[in-house]
Amino acid sequence: MKIPAFSELPVDKNGPHHNAWGLYGPKDELGTLNRLTDDIVAAAAKEIQTGTRVSVNWPLDAQLDLPFFGRQAFHKEVYQKPPRIINDDVWTFNTQSSSQWDGLRHFGYQKEERFYNGVTLDMIHGTNGCTKSDVNGIGAWSEHGIVGRGILLDYHAWRIKHDKPHDAFGPSGISASDLLQVAHEQGTEIKFGDILLVRSGYMDAYSKLKREEIETMRSKQPLTFAGVEQSDDMMEFLWTNFSAAGGDHPSWEQWPTQKEYHLHEVMLAGWGMPIGELFDLEKLALQCKKLGRWSFYFMGIELSGQRKSILIQTCITSLRNPQQTTVRRIIFHPQCPHSFTTRIHLHKSITYVPQH
1 MKIPAFSELP
11 VDKNGPHHNA
21 WGLYGPKDEL
31 GTLNRLTDDI
41 VAAAAKEIQT
51 GTRVSVNWPL
61 DAQLDLPFFG
71 RQAFHKEVYQ
81 KPPRIINDDV
91 WTFNTQSSSQ
101 WDGLRHFGYQ
111 KEERFYNGVT
121 LDMIHGTNGC
131 TKSDVNGIGA
141 WSEHGIVGRG
151 ILLDYHAWRI
161 KHDKPHDAFG
171 PSGISASDLL
181 QVAHEQGTEI
191 KFGDILLVRS
201 GYMDAYSKLK
211 REEIETMRSK
221 QPLTFAGVEQ
231 SDDMMEFLWT
241 NFSAAGGDHP
251 SWEQWPTQKE
261 YHLHEVMLAG
271 WGMPIGELFD
281 LEKLALQCKK
291 LGRWSFYFMG
301 IELSGQRKSI
311 LIQTCITSLR
321 NPQQTTVRRI
331 IFHPQCPHSF
341 TTRIHLHKSI
351 TYVPQH
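Letter by letter, the sequence shown follows residues 1 to 356 in the working numbering.
Each hint should be verified, as a subset may be incorrect.
Keeping only pairs whose Cα atoms sit at most 20 angstroms apart, straight-line, the calculated DMTMM-like set for lysine to aspartate or glutamate is [what the hints assert, rightly or not]:
{"#": "1", "residue 1": "289", "residue 2": "134"}
{"#": "2", "residue 1": "27", "residue 2": "39"}
{"#": "3", "residue 1": "210", "residue 2": "65"}
{"#": "4", "residue 1": "220", "residue 2": "65"}
{"#": "5", "residue 1": "132", "residue 2": "113"}
{"#": "6", "residue 1": "111", "residue 2": "232"}
{"#": "7", "residue 1": "289", "residue 2": "163"}
{"#": "8", "residue 1": "13", "residue 2": "113"}
{"#": "9", "residue 1": "161", "residue 2": "204"}
{"#": "10", "residue 1": "2", "residue 2": "39"}
{"#": "11", "residue 1": "27", "residue 2": "122"}
{"#": "12", "residue 1": "290", "residue 2": "185"}
{"#": "13", "residue 1": "220", "residue 2": "236"}
{"#": "14", "residue 1": "208", "residue 2": "282"}
{"#": "15", "residue 1": "191", "residue 2": "39"}
{"#": "16", "residue 1": "191", "residue 2": "236"}
{"#": "17", "residue 1": "210", "residue 2": "167"}
{"#": "18", "residue 1": "290", "residue 2": "189"}
{"#": "19", "residue 1": "13", "residue 2": "112"}
{"#": "20", "residue 1": "208", "residue 2": "65"}
{"#": "21", "residue 1": "191", "residue 2": "38"}
{"#": "22", "residue 1": "2", "residue 2": "38"}
{"#": "23", "residue 1": "161", "residue 2": "185"}
{"#": "24", "residue 1": "259", "residue 2": "113"}
{"#": "25", "residue 1": "259", "residue 2": "282"}
{"#": "26", "residue 1": "191", "residue 2": "204"}
{"#": "27", "residue 1": "27", "residue 2": "204"}
{"#": "28", "residue 1": "289", "residue 2": "204"}
{"#": "29", "residue 1": "283", "residue 2": "204"}
{"#": "30", "residue 1": "111", "residue 2": "122"}
{"#": "31", "residue 1": "111", "residue 2": "260"}
{"#": "32", "residue 1": "27", "residue 2": "134"}
{"#": "33", "residue 1": "27", "residue 2": "113"}
{"#": "34", "residue 1": "2", "residue 2": "12"}
{"#": "35", "residue 1": "46", "residue 2": "260"}
{"#": "36", "residue 1": "111", "residue 2": "213"}
{"#": "37", "residue 1": "161", "residue 2": "143"}
{"#": "38", "residue 1": "259", "residue 2": "232"}
{"#": "39", "residue 1": "2", "residue 2": "28"}
Rather than coming from a laboratory, the hints here were simulated on the basis of the structure.
Full structure from sequences and hints, please.
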């Protein structure tokens, strides 16, 4: 698949900076997931050798009653259904309570007030004479899922090895050159269309915090988190190589932004590139180190639903190794575009991984 060089962006010269609007047609809602062609996905399946499983799902209640950004905490009710011996669960939570993919109606260009392919808030919410629509919801993603070759770039392990300072709760930036060096030292080949996962060390740092420390951090304004840096080099690295990108950080990019723009704007609203946040990559990192391999088969099946900004899904990664393979399973959460919380009923899903 041929795409414009980063230097050729924006595609729509009348649109915001670095956009790729119209590259896949004016009505496209897949964005960079168009890069996951049948051939690329078929080639990714070669990563599967066996079926050892490792979960990277961060529990929905991991933040207890102390979520960041003032978001609602997870709450679960279990109801009996007398006279039958039956229980039902109702879960109430903010969609960014735990592991999630940011969708294309989540974060728009702030100055221009536009989402992917020029969609406006009025088009989503049905205001100012517009009809409420499903445009840029996750319905298009749920048709085929997010499936392909994944790679883990373990920045946290690399920076410890090289004694490189990093504060998970400060606006530290991870550069593109850092990630390229991580890939080089891991021996990880980056292929076009890969699904990128970055381990920044956030989960490791968060697990060591005391409640009082979390409460102090939550009171800070603005909140500060480490993440990938806002730079042309980082944008070019992401644009040139990946179909989706995410990591263990709560904001993906360093927060608050150090530039006049956010990567969220460019990735989501400009390119239609899914952003993953709060993935628990600790066990996956251990398995990758054990096997000496940081590439795997990645499969994400989204919950069907048109008007959602952030996804519930089950994901699996399978590490290729003659003796052992790692599979990951993640539950992601949908965001109702009209409120901060969604009350939904969930049911279990089972995914079978082919064995070779």
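Now for the hints, and whether the structure bears them out:
1. Proximity of residue 289 to residue 134 is assessed by CA-CA distance (about 42 angstroms); at most 20 angstroms being required, the pair is judged violated.
2. Of the pairs offered as hints, the one joining residue 27 and residue 39 is violated, with about 24 angstroms between alpha carbons and a cut-off of 20 angstroms exceeded.
3. With a C-alpha separation of about 13 angstroms, the suggested pairing of residue 210 with residue 65 holds against the 20 angstroms cut-off.
4. The straight-line distance between the Cα atoms of residue 220 and residue 65 is roughly 17 angstroms, inside the 20 angstroms bound, and the hint therefore holds.
5. Between residue 132 and residue 113 the alpha-carbon distance is near 17 angstroms, which keeps this suggested pair within the 20 angstroms criterion.
6. For the hint pairing residue 111 with residue 232, the CA-to-CA distance comes to about 19 angstroms; that is within 20 angstroms, so the pair holds.
7. Distance restraint check for residue 289 and residue 163: the Cα-Cα separation of roughly 18 angstroms lies within the 20 angstroms cut-off, and the hinted pair is therefore satisfied.
8. Under the criterion of a C-alpha separation no larger than 20 angstroms, the hint pairing residue 13 with residue 113 is consistent with the structure, at around 16 angstroms.
9. At most 20 angstroms may separate the alpha-carbon atoms for a hinted pair to count; residue 161 and residue 204 meet this at roughly 16 angstroms.
10. For the hint linking residue 2 to residue 39, the alpha-carbon distance of about 14 angstroms falls within 20 angstroms, and the restraint holds.
11. This hinted pair checks out: residue 27 and residue 122 have alpha carbons roughly 17 angstroms apart, not beyond 20 angstroms.
12. Using a Cα cut-off of 20 angstroms, the hinted pair residue 290 and residue 185 holds, with the two alpha carbons roughly 15 angstroms apart.
13. Among the hinted pairs, residue 220 with residue 236 is inconsistent with the structure: their alpha-carbon atoms are about 32 angstroms apart, more than 20 angstroms.
14. With a CA separation close to 14 angstroms, the supplied pair residue 208 and residue 282 stays within the 20 angstroms bound.
15. For the proposed pair residue 191 and residue 39, the alpha carbon gap of about 13 angstroms is at most 20 angstroms, so the pair holds.
16. Distance restraint check for residue 191 and residue 236: the Cα-Cα separation of roughly 14 angstroms lies within the 20 angstroms cut-off, and the hinted pair is therefore satisfied.
17. For the hint pairing residue 210 with residue 167, the CA-to-CA distance comes to about 16 angstroms; that is within 20 angstroms, so the pair holds.
18. For the proposed pair residue 290 and residue 189, the alpha carbon gap of about 18 angstroms is at most 20 angstroms, so the pair holds.
19. At roughly 14 angstroms between alpha-carbon atoms, residue 13 and residue 112 fall within 20 angstroms of each other, so this suggested pair holds.
20. For the hint pairing residue 208 with residue 65, the CA-to-CA distance comes to about 17 angstroms; that is within 20 angstroms, so the pair holds.
21. For the suggested pair residue 191 and residue 38, the alpha carbons sit about 15 angstroms apart, so the restraint of at most 20 angstroms is met.
22. At most 20 angstroms may separate the alpha-carbon atoms for a hinted pair to count; residue 2 and residue 38 meet this at roughly 15 angstroms.
23. The suggested pairing of residue 161 with residue 185 holds, with an alpha-carbon distance near 11 angstroms, which does not exceed 20 angstroms.
24. A hinted pair counts as satisfied when its Cα atoms are at most 20 angstroms apart, and residue 259 with residue 113 qualifies at roughly 18 angstroms.
25. Under the criterion of a C-alpha separation no larger than 20 angstroms, the hint pairing residue 259 with residue 282 is inconsistent with the structure, at around 30 angstroms.
26. Of the pairs offered as hints, the one joining residue 191 and residue 204 is violated, with about 28 angstroms between alpha carbons and a cut-off of 20 angstroms exceeded.
27. Among the hinted pairs, residue 27 with residue 204 is inconsistent with the structure: their alpha-carbon atoms are about 41 angstroms apart, more than 20 angstroms.
28. For the hint pairing residue 289 with residue 204, the CA-to-CA distance comes to about 16 angstroms; that is within 20 angstroms, so the pair holds.
29. For the given pair, residue 283 sits about 11 angstroms from residue 204 by alpha-carbon distance, which is consistent with the 20 angstroms threshold.
30. As the CA atoms of residue 111 and residue 122 are separated by approximately 16 angstroms, the hinted pair is consistent with the 20 angstroms bound.
31. With a CA separation close to 10 angstroms, the supplied pair residue 111 and residue 260 stays within the 20 angstroms bound.
32. Distance hint between residue 27 and residue 134 is fulfilled; the C-alpha atoms sit about 12 angstroms from each other, no more than 20 angstroms.
33. Between residue 27 and residue 113 the CA atoms are separated by roughly 18 angstroms; this keeps the pair inside 20 angstroms, and the hint holds.
34. With a CA separation close to 17 angstroms, the supplied pair residue 2 and residue 12 stays within the 20 angstroms bound.
35. Taking the CA atoms of residue 46 and residue 260, the gap is about 42 angstroms. The hint is violated against a cut of 20 angstroms.
36. Using a Cα cut-off of 20 angstroms, the hinted pair residue 111 and residue 213 is violated, with the two alpha carbons roughly 35 angstroms apart.
37. Between residue 161 and residue 143, the direct Cα distance comes to roughly 42 angstroms. Violation of the 20 angstroms bound is thereby established for this hinted pair.
38. At roughly 11 angstroms between alpha-carbon atoms, residue 259 and residue 232 fall within 20 angstroms of each other, so this suggested pair holds.
39. At roughly 17 angstroms between alpha-carbon atoms, residue 2 and residue 28 fall within 20 angstroms of each other, so this suggested pair holds.
Checked against the numbered hints listed earlier, the structure breaks hints 1, 2, 13, 25, 26, 27, 35, 36 and 37; every other hint is satisfied.
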